[in-house]
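Required output: the full structure, derived from the provided sequences and hints.
Going line by line, the protein sequences match chains A and B.
Numbering that gives the first Met the number 0 applies: residue 0 is where the first sequence begins, and numbers increase by one.
Numbering that gives the first Met the number 0 applies: residue 0 is where the second sequence begins, and numbers increase by one.
None of these hints come from the bench; they were simulated from the model.
There may be inaccurate statements among the hints.
Unchecked claim - Here are the simulated lysine-lysine pairs, DSS-like style, with alpha carbons at most 27 Å apart:
id, chain 1, residue 1, chain 2, residue 2
1, B, K118, A, K143
2, B, K11, A, K118
3, B, K191, B, K150
4, A, K118, B, K143
5, A, K294, B, K48
6, B, K266, A, K24
7, B, K118, A, K11
8, B, K11, A, K11
9, A, K150, A, K335
10, A, K168, A, K207
11, A, K80, B, K48
12, B, K347, B, K335
13, A, K266, B, K11
14, B, K80, A, K24
15, A, K80, B, K26
16, A, K48, B, K143
17, A, K80, B, K11
18, A, K48, A, K143
19, A, K11, B, K80
20, A, K26, B, K80
21, B, K24, A, K118
22, A, K11, B, K266
23, A, K207, B, K11
There are 2 protein chains.
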Amino acid sequence: MNTERMRSLGEKRSVIRELFEYGNKRKAEIGKENVFDFSIGNPSVPAPKELTEELCRILTEESPLATHGYTSAPGDFAARKAVADDLNARFNTSFGPEHLYMTCGAAASLTISLSALVKDGEEVVLFAPFFPEYTVFVETAGGKPVAVPCKWPDFQIDFDKLAEALNEKTAAVIINSPNNPSGAVFSEESIKKLGETLSAAEEKFGRKIYLISDEPYRELVYGGIKVPFVTDYYNDTIICYSWSKSLSLPGERIGYILVSPENSDWKTAYAGICGAGRALGFVCAPALFQHAIPKCVSMTSDISVYEKNRDLLYGALTGMGFEAVHPDGAFYLFVKSPEPDANAFSEKAKKYEILFVPSDDFGMEGFVRISYCVSTEQIERSLPAFKKLAEEYF
Amino acid sequence: MNTERMRSLGEKRSVIRELFEYGNKRKAEIGKENVFDFSIGNPSVPAPKELTEELCRILTEESPLATHGYTSAPGDFAARKAVADDLNARFNTSFGPEHLYMTCGAAASLTISLSALVKDGEEVVLFAPFFPEYTVFVETAGGKPVAVPCKWPDFQIDFDKLAEALNEKTAAVIINSPNNPSGAVFSEESIKKLGETLSAAEEKFGRKIYLISDEPYRELVYGGIKVPFVTDYYNDTIICYSWSKSLSLPGERIGYILVSPENSDWKTAYAGICGAGRALGFVCAPALFQHAIPKCVSMTSDISVYEKNRDLLYGALTGMGFEAVHPDGAFYLFVKSPEPDANAFSEKAKKYEILFVPSDDFGMEGFVRISYCVSTEQIERSLPAFKKLAEEYF
Chain A
0 MNTERMRSLG
10 EKRSVIRELF
20 EYGNKRKAEI
30 GKENVFDFSI
40 GNPSVPAPKE
50 LTEELCRILT
60 EESPLATHGY
70 TSAPGDFAAR
80 KAVADDLNAR
90 FNTSFGPEHL
100 YMTCGAAASL
110 TISLSALVKD
120 GEEVVLFAPF
130 FPEYTVFVET
140 AGGKPVAVPC
150 KWPDFQIDFD
160 KLAEALNEKT
170 AAVIINSPNN
180 PSGAVFSEES
190 IKKLGETLSA
200 AEEKFGRKIY
210 LISDEPYREL
220 VYGGIKVPFV
230 TDYYNDTIIC
240 YSWSKSLSLP
250 GERIGYILVS
260 PENSDWKTAY
270 AGICGAGRAL
280 GFVCAPALFQ
290 HAIPKCVSMT
300 SDISVYEKNR
310 DLLYGALTGM
320 GFEAVHPDGA
330 FYLFVKSPEP
340 DANAFSEKAK
350 KYEILFVPSD
360 DFGMEGFVRI
370 SYCVSTEQIE
380 RSLPAFKKLA
390 EEYF
Chain B
0 MNTERMRSLG
10 EKRSVIRELF
20 EYGNKRKAEI
30 GKENVFDFSI
40 GNPSVPAPKE
50 LTEELCRILT
60 EESPLATHGY
70 TSAPGDFAAR
80 KAVADDLNAR
90 FNTSFGPEHL
100 YMTCGAAASL
110 TISLSALVKD
120 GEEVVLFAPF
130 FPEYTVFVET
140 AGGKPVAVPC
150 KWPDFQIDFD
160 KLAEALNEKT
170 AAVIINSPNN
180 PSGAVFSEES
190 IKKLGETLSA
200 AEEKFGRKIY
210 LISDEPYREL
220 VYGGIKVPFV
230 TDYYNDTIIC
240 YSWSKSLSLP
250 GERIGYILVS
260 PENSDWKTAY
270 AGICGAGRAL
280 GFVCAPALFQ
290 HAIPKCVSMT
300 SDISVYEKNR
310 DLLYGALTGM
320 GFEAVHPDGA
330 FYLFVKSPEP
340 DANAFSEKAK
350 KYEILFVPSD
360 DFGMEGFVRI
370 SYCVSTEQIE
380 RSLPAFKKLA
390 EEYF
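Put into structure tokens, the structure is as follows:
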């Protein structure tokens with residue numbers, strides 16, 4: 000490995016983390032209720048009561064040796080079967096446990112998939128804005144991230160720019176819809192055209208191009224929006240999932256990789272994923288939470304507050320004159336900075352004790368991410384401060 | 000990454016896993032009680048009752064958002080403090096939370112440490128016999144494993160052979176004492192001399208050489224044997240720990256890395272570890288189990304059965320004429336094959352429904368590993384079968 004790279008990754012202060020720590024300091028100084036912290040994307044609604052009950056039931060009723068023992072490396076059979084059955088029921092698919100590999104969360108799903116499928120020097124297309132760790136994970140696999148900006152204002156795919164980015168070195172394309180940080184959801188039209196574009200590129204360049212769909216926010220959509228299920232539109236698809244957001248379990252590290260059986264070469268991809276999980280030191284996904292999956296696979300936390308927050312915040316901010324992507328999912332509002340430098344905008348907001356994240360680290364300049372996974376009451380109390388901030392510009 | 004390597008790692012059948020599956024097949028055919036399966040190193044005693052109670056208490060009494068939320072990447076402060084305090088009380092050390100990094104188990108501890116500290120093409124010394132995944136983890140980090148066989152019959156370090164292996168490319172030396180598969184514990188004399196040897200090599204070759212001590216079996220020692228605590232003997236030490244064996248939690252993936260503050264450059268090493276954890280996709284160690292650590296850090300499962308099993312099995316097998324390493328720790332008996340090919344010996348044992356693992360994958364030929372983390376009753380019932388096996392040779 001590149002030990003310098005590791006050191007530098009370890010030493011680099013994340014902008015989000017710095018804002019979060021600044022917020023904690025301000026809260027200690029002026030009172031928690033006077034700081035409007037929208038910096039962190041942590042679920043604000045608790046895990047479902049039924050999940051807590053199931054965890055306690057397993058702990059008290061089942062054999063501790065079975066509960067805490069190693070599962071097979073691809074994951075407990077019952078958990079994988081439950082996931083396959085749930086997906087098949089919801090999306091009319093035909094997955095089996097053999098297409099699923101349980102992981103320590105979405106980050107693990109991504110590093111394992113990329114390490115399995117990307118050769119040194121190959122390229123991985125990311126649609127900007129994107130979760131900043133994508134570039135880290137692609138580089139760990141020896142790949143080169145290639146950013147393709149989405150279109151303002153709907154943040155759908157810019158197919159002209161995508162066509163320019165695809166070439167004989169393209170090993171994979173990562174999508175994240177609903178998106179962190181924009182909240183945008185790719186429409187069925189976008190996904191359909193993406194599938195066609197990638198199929199044509201596979202033919203043109205004579206190689207596999209994997210569509211890696213990172214879906215931790217799949218269940219967090221509002222207003223009856225439907226998230227197209229990507230295996231329906233493209234065969235060489237890998238889905239990376241995590242229950243971090245849907246079950247409010249970000250610290251427990253539990254998710255999965257699904258290798259679409261529509262891929263003529265899925266067994267090879269699956270073997271590579273098993274090998275990469277082993278090579279990176281994952282062994283198996285946390286066992287207790289795997290055992291809780293069969294009971295809880297179809298549940299979500301009560302996500303209705305996120306929709307309420309979205310409506311409140313989007314309405315209020317656009318009413319004040321701000322421009323923002325209309326977020327159909329996740330729990331982020333992506334607001335266009337009213338001055339060219341989003342960092343200056345973010346600094347100015349601090350004067351009013353408002354904390355949000357400038358977009359530079361998300362691979363796109365000129366925006367800020369406002370995480371609305373907070374109490375509705377915090378949003379209500381913050382609006383006069385946002386109003387004062389708006390008055391500096393409009 | 001090398002996608003071929005990943006595929007091949009994913010497709011390769013592990014000898015241990017194959018034996019285990021053969022055992023399950025035989026159990027279905029002739030009855031569980033008639034198969035003497037010593038193939039797998041899974042704890043056979045349950046996690047402590049107090050740990051189960053603490054997990055249920057956290058789940059029912061604490062806030063789910065705090066319980067299941069992200070911890071900081073290096074780990075929950077209270078968990079790290081509890082580990083530091085426990086080590087300081089037991090080993091008279093001066094560690095703080097800042098020297099600890101919580102991980103998803105020992106495999107993660109190793110891949111993260113190696114990726115942080117080993118540059119492409121550098122060498123990592125392993126003392127044979129060793130846990131087979133060590134070579135996989137070293138190769139993931141871009142390093143080259145260099146095996147140094149231990150001395151028969153006590154399986155202490157062969158310092159002449161070690162001296163031959165060290166050179167200007169040596170980035171690290173991994174020890175695993177108590178050892179899987181031999182059960183040997185390196186004596187204080189061995190560890191002291193190892194520290195001196197590595198210090199001299201650092202001076203001679205003008206570079207850091209890390210001693211990476213993989214200690215999942217640290218607490219599993221018998222007959223009052225003391226495991227020397229390695230930071231006392233060498234400054235540039237990294238300890239990789241896991242609660243898999245001591246608390247019987249192998250599937251939960253919870254452990255830590257300790258970077259010795261005696262290393263003049265420990266902050267750089269620690270930053271590299273933070274960066275590698277991030278680059279490999281670990282995010283944080285499973286949160287619920289981190290939160291249970293403060294209460295349970297000093298506990299172990301009831302490991303007395305392992306000592307009883309060791310005495311019974313070692314006594315009986317050596318009495319029959321087999322030669323074996325006297326195991327002072329872990330839960331493995333390493334028996335010299337009475338014929339040159341340990342695979343043939345292992346096959347012959349199957350005739351008597353005895354399953355144990357030939358040593359080839361552990362980097363040493365001519366032995367078998369017998370895992371005695373089974374019921375004492377299984378050992379008792381197996382002895383007539385072992386007797387018949389012995390009679391084929393002696």
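Between B:K266 and A:K24, is the straight-line Cα distance small enough, at 27 Å or below? holds (25 Å)
Under the criterion that the straight-line Cα-Cα distance not exceed 27 Å, is the pair A:K118, B:K143 satisfied? holds (20 Å)
Pair hint outcome, A:K26 versus B:K80 [Cα-Cα no greater than 27 Å]: Holds, at roughly 25 Å.
Agreement of B:K347 and B:K335 with the hint, judged by alpha carbon distance not exceeding 27 Å: holds (14 Å)
Hinted pair B:K11 and A:K118, Cα distance within 27 Å: Measuring from Cα to Cα gives roughly 20 Å; hence the hint holds.
Restraint check for B:K118 with A:K11, where alpha carbons must lie at most 27 Å apart: Holds: B:K118 and A:K11 sit about 20 Å apart, inside 27 Å.
Checking one constraint from the list: CA of A:K11 to CA of B:K266, max 27 Å. Satisfied? At roughly 14 Å apart (the allowed maximum being 27 Å), B:K266 and A:K11 satisfy the hint.
Take the C-alpha atoms of A:K48 and B:K143, compute the straight-line distance between them, and say whether it is at most 27 Å. Violated, because 49 Å separates the two Cα atoms, which is more than 27 Å.
For A:K80 and B:K26, compute the direct alpha-carbon distance and say whether it is at most 27 Å. holds (25 Å)
Between B:K24 and A:K118, does the CA-CA distance stay at or below 27 Å? Violated, at about 39 Å.
Is the Cα-Cα distance between A:K207 and B:K11 27 Å or less? holds (23 Å)
Holds or violated: B:K11 with A:K11, Cα cutoff 27 Å? violated (38 Å)
Against the hints set out earlier in the document, violations occur for numbers 8, 11, 16, 18, 21.
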